[in-house]
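Student: Sequence:
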Amino acid sequence: MRLFLMAALSAFPVVVSACSLTNPKPEPIVITQTVTVVLPPECRKVTPPLSPKPDRDLTQEEIFNGWSADRTSRNIGESRRAACVAAVDAAK
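The numbering used here puts the first residue of the sequence shown at 42, with every later residue one more than the last.
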């Protein structure tokens, strides 16, 4: 019984504060501001073209370890760069 009474008394301030009609926190102030993005000129430069393939046959290890991965990464990076620049230009 004593434990129940202590629990009820400890919950009483929470219940009373929840029933309060005053709002202790004011509404937050929201400020909307439009910011224009300015890209540095380097962003508009196209990635340099890839070097030509060597005249010799590449070994399977050379192709697997670097050549194809580098070329794929360059092409993906260039397409992403171009898409980002296009998105910034479209927002203007």
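To be clear, the hints were calculated from the coordinates, so they are not data collected in a lab.
Any given hint could be a false lead.
Unchecked claim - Straight line, CA to CA, 25 Å or less: simulated DMTMM-like cross-link-like pairs of lysine to aspartate or glutamate: (1) 94 with 119; (2) 86 with 119; (3) 94 with 111; (4) 86 with 130; (5) 86 with 103; (6) 133 with 102; (7) 133 with 111.
Student: State the violated hints by number, sorted upward, taking the hints as numbered earlier in the document.
Tutor: 5, 6 and 7
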